Amino acid sequence: MKQKLFYILVPAAVLLGAFVYLWISGAQDAAQVEQKVVRFHVVGASDDASDQALKLKVRDGLFEQIRLLFTPCTDPADALETARESAPLLKEQAEQILRREGCEESVTVEVGERFFPTKVYGNLSFPAGNYQAVSIRIGAAKGENFWCVLYPALCLSPAVAAEGAEREMAAVVGEEQTAFLEKSAPTLRLKFALAEWWGYFVNFLKKL
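With the working numbering applied, the sequence shown has no gaps in its numbers, which climb one by one up to 210 at the end.
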């Protein structure tokens with residue numbers, strides 16, 4: 003009987019240990035990404051087709067300014083400082099775009115931490131979690147949002163998939179963490195899933 007229990011409990015303990023290791027490792031990889039990435043966020047006034055079209059107009063109209071401002075940034079702190087200094091400029095340009103389209107909605111620019119659900123950018127998936135972000139919020143900001151990665155500077159065009167994104171990310175967060183975002187192996191997919199679950203769980207606890 004003891005021998006049977008041994009053959010049951012030892013493999014179970016090994017599997018549990020592997021599971022816990024992957025969970026902790028995935029959470030650590032996710033935390034590394036959260037700390038080194040700054041995101042760009044444009045939120046439409048509502049989900050009406052006209053408001054969503056205006057959101058995309060604002061997004062497209064700001065890309066060149068975003069490129070000029072944030073491509074020279076050397077680290078997340080530099081990007082956030084640039085964002086705070088440039089917030090009035092981004093607000094003014096976004097409102098100018100809206101006025102040209104005959105829209106009188108106001109624009110709010112927010113710089114700081116916010117929760118993002120899991121998002122996909124080309125071949126990279128970013129797990130749910132709290133990221134530093136620059137948010138352009140149009141009117142009541144109740145609509146669907148557009149997002150991309152501001153630092154490293156992947157917001158270079160309206161395209162969803164950024165050519166060379168993996169290379170840019172690896173230079174900032176490291177090759178191991180970039181492989182984690184690519185989920186290129188079954189083990190990495192499991193790590194990502196566990197980190198994703200943890201991100202949603204932590205956000206749930208914060209709301210209690």
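Heads up, a few of these hints could be off.
To be verified - Under the rule of at most 25 Å between Cα atoms (straight-line distance), these lysine to any residue pairs were calculated in the SDA-like manner: (1) LYS185 to GLU94; (2) LYS209 to ARG69; (3) LYS38 to LYS59; (4) LYS121 to VAL204; (5) LYS144 to ALA79.
What the hints assert, rightly or not - Just the calculated beta-carbon pair ranges, DEER-fashion: (6) SER108 to PHE203: 17 to 27 Å; (7) ALA55 to ALA181: 32 to 42 Å; (8) PHE203 to ARG102: 21 to 31 Å; (9) TRP199 to LEU70: 34 to 44 Å; (10) ALA181 to ALA79: 35 to 45 Å; (11) ASP77 to SER186: 44 to 54 Å; (12) ASP77 to ASN132: 17 to 27 Å; (13) GLN30 to GLU115: 28 to 38 Å; (14) GLN98 to LYS209: 12 to 22 Å; (15) VAL204 to LYS144: 21 to 31 Å; (16) GLU94 to PRO188: 28 to 38 Å; (17) LEU58 to ALA195: 42 to 52 Å; (18) PRO188 to GLN30: 36 to 46 Å; (19) ALA181 to GLU106: 19 to 29 Å.
Please keep in mind that the hints were generated in silico from the structure rather than gathered at the bench.
From a predicted model like this one, the values you see are computed outputs, not experimental measurements.
Every residue gets a Cβ at the ideal spot worked out from N, C-alpha and C, and that includes glycine.
Right, here's what the structure says about each hint:
1. LYS185 to GLU94: Violated, because 39 Å separates the two Cα atoms, which is more than 25 Å.
2. LYS209 to ARG69: Roughly 35 Å separates the two Cα atoms, so the pair is violated.
3. LYS38 to LYS59: Between LYS38 and LYS59 the Cα gap is close to 28 Å, so the pair fails against 25 Å, i.e. violated.
4. LYS121 to VAL204: 17 Å, holds
5. LYS144 to ALA79: 29 Å, violated
6. SER108 to PHE203: 17 to 27 Å: With a Cβ separation near 35 Å, SER108 and PHE203 fall outside 17 to 27 Å, so the hint is violated.
7. ALA55 to ALA181: 32 to 42 Å: 37 Å Cβ-Cβ, so the 32 to 42 Å window holds.
8. PHE203 to ARG102: 21 to 31 Å: 44 Å, violated
9. TRP199 to LEU70: 34 to 44 Å: 38 Å, holds
10. ALA181 to ALA79: 35 to 45 Å: 25 Å, violated
11. ASP77 to SER186: 44 to 54 Å: Hint violated: Cβ distance 27 Å, outside 44 to 54 Å.
12. ASP77 to ASN132: 17 to 27 Å: Hint holds: Cβ distance 18 Å, inside 17 to 27 Å.
13. GLN30 to GLU115: 28 to 38 Å: At roughly 19 Å between Cβ atoms, GLU115 and GLN30 fall outside 28 to 38 Å, so the hint is violated.
14. GLN98 to LYS209: 12 to 22 Å: Given range 12 to 22 Å: violated, Cβ gap about 36 Å.
15. VAL204 to LYS144: 21 to 31 Å: About 25 Å separates the Cβ atoms of VAL204 and LYS144, which means 21 to 31 Å holds.
16. GLU94 to PRO188: 28 to 38 Å: Violated, at about 49 Å.
17. LEU58 to ALA195: 42 to 52 Å: Violated, since LEU58 and ALA195 (Cβ atoms, about 31 Å apart) do not stay within the stated range.
18. PRO188 to GLN30: 36 to 46 Å: Once the Cβ atoms are compared, 19 Å apart, the range 36 to 46 Å for GLN30 and PRO188 is violated.
19. ALA181 to GLU106: 19 to 29 Å: Violated, since ALA181 and GLU106 (Cβ atoms, about 47 Å apart) do not stay within the stated range.
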